[in-house]
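What follows is each chain in one-letter form.
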Amino acid sequence: MDDGNRLLLSGDEAIALAGWHAGVALGTGYPGTPSTEILENFSRLGGRAQWSPNEKVALEVAIGAAFGGARAMAAMKHVGLNVASDPLFTVAYTGVAGALVIVSADDPGMHSSQNEQDNRRYAVAAGVPMLEPSDSQEAYDFMRAAIEISERWKIPVLLRATTRVCHSSTVVRPQARRDTPKAANFVRDLKGRVMIPGHARPAHRRLRQKLAEISAWNEDCELNRVVPGGKTFGIITSGISFMHAREAAPEASVLKLEFTHPLPMRKIAAFAASVERCVVIEEGDPYLLEAIRAAGIAVSGKPEMYRFGELDVARVRRILRADSSPEPAAPPGKPPQLCEACSYRIVFDALRRHNCIVAGDIGCYTLGVLQPFEAMDSCVCMGASVGVGLGLRHVLPPDQACRVVSVIGDSTFVHSGISGLIEMAYNPPPNGHVVIILDNATTAMTGHQEHPGTGRNLNHEPTGKVVLEDMARSCGIPRVQVVEPRAGSDAFEQALVEALKSRELNVIIARRPCVLIARELKEYEKRRQCHENEEPCACAV
Amino acid sequence: MKTKNLALAPCNIVVAGLGGQGVLTATDIIAEVALRAGFDVKKSEIKGMSQRGGSVSCDVRFGAQILSPMVPAGEADFLLALEPAQLEPNRHLLRSGGVTIDPSVIDADKLPQKKMLNVALLGALSAHLPMAEQEWLDAIGSAFAPKFLEENRQAFLLGRASQNTSVHATAAAA
Numbered sequence: 001m002d003d004g005n006r007l008l009l010s011g012d013e014a015i016a017l018a019g020w021h022a023g024v025a026l027g028t029g030y031p032g033t034p035s036t037e038i039l040e041n042f043s044r045l046g047g048r049a050q051w052s053p054n055e056k057v058a059l060e061v062a063i064g065a066a067f068g069g070a071r072a073m074a075a076m077k078h079v080g081l082n083v084a085s086d087p088l089f090t091v092a093y094t095g096v097a098g099a100l101v102i103v104s105a106d107d108p109g110m111h112s113s114q115n116e117q118d119n120r121r122y123a124v125a126a127g128v129p130m131l132e133p134s135d136s137q138e139a140y141d142f143m144r145a146a147i148e149i150s151e152r153w154k155i156p157v158l159l160r161a162t163t164r165v166c167h168s169s170t171v172v173r174p175q176a177r178r179d180t181p182k183a184a185n186f187v188r189d190l191k192g193r194v195m196i197p198g199h200a201r202p203a204h205r206r207l208r209q210k211l212a213e214i215s216a217w218n219e220d221c222e223l224n225r226v227v228p229g230g231k232t233f234g235i236i237t238s239g240i241s242f243m244h245a246r247e248a249a250p251e252a253s254v255l256k257l258e259f260t261h262p263l264p265m266r267k268i269a270a271f272a273a274s275v276e277r278c279v280v281i282e283e284g285d286p287y288l289l290e291a292i293r294a295a296g297i298a299v300s301g302k303p304e305m306y307r308f309g310e311l312d313v314a315r316v317r318r319i320l321r322a323d324s325s326p327e328p329a330a331p332p333g334k335p336p337q338l339c340e341a342c343s344y345r346i347v348f349d350a351l352r353r354h355n356c357i358v359a360g361d362i363g364c365y366t367l368g369v370l371q372p373f374e375a376m377d378s379c380v381c382m383g384a385s386v387g388v389g390l391g392l393r394h395v396l397p398p399d400q401a402c403r404v405v406s407v408i409g410d411s412t413f414v415h416s417g418i419s420g421l422i423e424m425a426y427n428p429p430p431n432g433h434v435v436i437i438l439d440n441a442t443t444a445m446t447g448h449q450e451h452p453g454t455g456r457n458l459n460h461e462p463t464g465k466v467v468l469e470d471m472a473r474s475c476g477i478p479r480v481q482v483v484e485p486r487a488g489s490d491a492f493e494q495a496l497v498e499a500l501k502s503r504e505l506n507v508i509i510a511r512r513p514c515v516l517i518a519r520e521l522k523e524y525e526k527r528r529q530c531h532e533n534e535e536p537c538a539c540a541v
Numbered sequence: 001m002k003t004k005n006l007a008l009a010p011c012n013i014v015v016a017g018l019g020g021q022g023v024l025t026a027t028d029i030i031a032e033v034a035l036r037a038g039f040d041v042k043k044s045e046i047k048g049m050s051q052r053g054g055s056v057s058c059d060v061r062f063g064a065q066i067l068s069p070m071v072p073a074g075e076a077d078f079l080l081a082l083e084p085a086q087l088e089p090n091r092h093l094l095r096s097g098g099v100t101i102d103p104s105v106i107d108a109d110k111l112p113q114k115k116m117l118n119v120a121l122l123g124a125l126s127a128h129l130p131m132a133e134q135e136w137l138d139a140i141g142s143a144f145a146p147k148f149l150e151e152n153r154q155a156f157l158l159g160r161a162s163q164n165t166s167v168h169a170t171a172a173a174a
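So the sequence lines, in the order shown, correspond to chains A and B.
Just so you know, the first sequence maps onto residues 1 to 541 in the working numbering.
Just so you know, the second sequence maps onto residues 1 to 174 in the working numbering.
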């Protein structure tokens with residue numbers, strides 16, 4: 001949507017555009033709502049974007065690019081940063097030669113997530129600067145700023161957005177400036193990048209020194225601003241909460257924090273002193289509140305009930321009134337369900353009838369927990385089905401243990417199920433185990449992204465393919481079967497029954513493409529054939 | 001609806017339906033028309049489950065300046081329901097005197113194609129809003145394949161004619 005220089009962009013689109021304008025050389029990530037569209041749009045604009053098998057690998061690839069002097073971004077949902085947290089904490093020590101921005105798309109209220117963790121805590125825990133946009137214009141501007149800050153202080157920067165920033169569209173006026181970053185070039189820095197203890201000890205001190213400098217700079221930084229208003233009460237806020245607060249209390253003075261780690265405490269103290277009463281309005285954890293109070297500044301927060309779920313204008317009005325009476329419950333909508341023609345229906349129907357104890361995982365198929373199947377007993381995080389299933393098998397009495405199965409999708413399996421499979425081969429339960437890989441040839445839940453098991457890259461072009469059954473066999477799983485779950489066939493059920501009886505280690509790959517992408521898959525297959533035959537490709541888009 | 005001065009307060013629209021009905025597309029078109037008309041616009045959508053047949057709703061707000069991207073409960077001027085059953089669960093979002101628009105206002109037999117219901121309902125909505133008919137048709141034209149242009153135009157006008165309101169009379173431009 002383009003109206004002269006006014007674009008109506010989602011936060012995700014704005015981050016992608018900013019990355020493109022800033023000359024980001026490589027964008028990496030793993031699909032996850034609400035972050036997925038960042039890389040898709042970066043690629044559409046012409047940027048080099050890649051889905052990695054998981055967020056840890058994505059961040060590591062981006063770190064490599066930034067070590068090489070390039071500008072890089074890694075985009076993921078909040079729980080993805082848990083997976084990527086290992087490299088995050090140490091790249092904070094090493095710093096980067098180019099620029100590295102990690103986009104964390106949090107999901108307060110859990111519209112499409114298994115938890116509502118507040119990733120602002122990661123900025124503090126890892127010791128990286130953090131910016132929090134409140135609309136698409138800021139998503140664009142702060143992405144540009146994050147790259148500058150990263151390059152200036154040679155430090156990774158966290159750009160933390162939330163669902164209502166990522167998936168709201170607001171007006172953006174892009175900056176006229178387009179960057180031409182310096183060319184990538186490797187410069188050896190053994191002490192700076194090889195984190196053996198002798199190098200890491202001074203590296204930690206360097207990190208704290210950088211943060212102290214950034215903190216001082218942030219005091220006068222234009223990224224935090226006061227919206228003047230009445231003197232009776234003031235609001236300190238950040239991110240999307242700013243918009244709700246401004247609408248709920250147009251008369252209040254507001255300190256809008258944008259660069260939220262390390263916090264500009266002198267500026268905060270001065271603002272708090274300028275008003276009679278000061279309230280912190282923030283979604284999720286009391287991150288700002290705790291930090292500001294720890295600095296000895298008197299501010300009030302929100303009643304505990306508002307820690308749960310998203311904020312909105314009505315809830316901010318209630319917080320400002322210190323109203324903790326029960327909130328009206330929103331009328332229930334229609335819950336989502338597995339598509340009518342989804343082949344997973346056959347799988348969950350069989351699991352239910354065989355009274356299986358199902359360690360489940362993250363994806364469309366988590367809907368197997370709902371009626372009419374109710375055929376899932378746990379769902380913790382990406383890849384957990386395999387380990388959780390094994391743990392149950394190890395401790396349960398045999399009559400229960402023999403009914404345990406792990407159910408995991410193809411994309412989730414590649415993301416973090418493979419280690420579980422290795423664990424299964426290495427520490428087999430006494431009565432074996434059954435892992436069912438639901439292979440619908442796509443990352444369906446997040447909108448049908450590719451993954452290494454599809455053999456196509458982010459742009460749906462042919463690339464190297466991980467063959468799941470070969471992978472399972474090479475891990476040392478003795479019984480590996482591929483079956484097609486479809487109406488009128490009992491192939492899946494037979495395979496399940498045999499596997500449950502076998503008392504051995506089993507992987508059943510239930511393979512049938514997602515019904516929603518049948519047309520696209522035909523198109524991709526045509527393209528792949530052209531590619532393989534090295535024919536001039538008439539079907540190329 | 002009563003006359004609303006868009007310079008002072010935003011126009012709040014909630015579009016509700018089920019996954020696959022075109023809620024997101026309808027909302028995109030409203031936002032596009034408002035953008036082209038020079039308004040500040042914000043649109044908020046929750047689409048994680050949109051392809052799995054669950055409830056989907058989108059908020060669009062436009063006016064001189066928009067803050068929160070979400071329509072506060074009890075402040076929607078319009079509730080556009082693509083699925084009649086989605087009217088009640090979303091009614092609490094509507095302000096008193098707010099307008100509901102649902103498939104009952106459209107004579108389904110006159111629709112060029114069944115799936116153009118969302119465009120017809122946009123036509124009904126458009127009769128209450130200050131933007132010109134051509135601005136709507138342009139935005140609809142760019143949202144769908146050109147071969148559907150004429151049928152979409154018919155669907156839009158069918159909806160637009162369904163409203164007992166003199167066009168443009170109900171809302172003042174910013």
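Calculated directly from the structure, the hints in this document are not laboratory data.
Be aware that a few hints might be false.
Claimed, not checked - In silico EDC-like cross-links for lysine to aspartate or glutamate, where the CA-CA straight-line distance does not exceed 20 Å:
1. B/Lys115 with A/Glu222
2. A/Lys526 with A/Glu461
3. B/Lys114 with B/Glu151
4. A/Lys210 with A/Glu148
5. A/Lys334 with B/Asp102
6. A/Lys334 with B/Glu150
7. B/Lys114 with B/Glu150
8. A/Lys231 with A/Glu213
9. B/Lys47 with B/Glu83
10. A/Lys154 with A/Asp189
11. A/Lys334 with B/Glu88
12. A/Lys267 with A/Glu340
13. B/Lys110 with B/Glu83
14. B/Lys4 with A/Glu340
Note that the structure is a prediction, hence the values are computed from the model and not measured.
Task: Violating hint indices (sorted, rising) - done: 1, 6, 8, 12, 14
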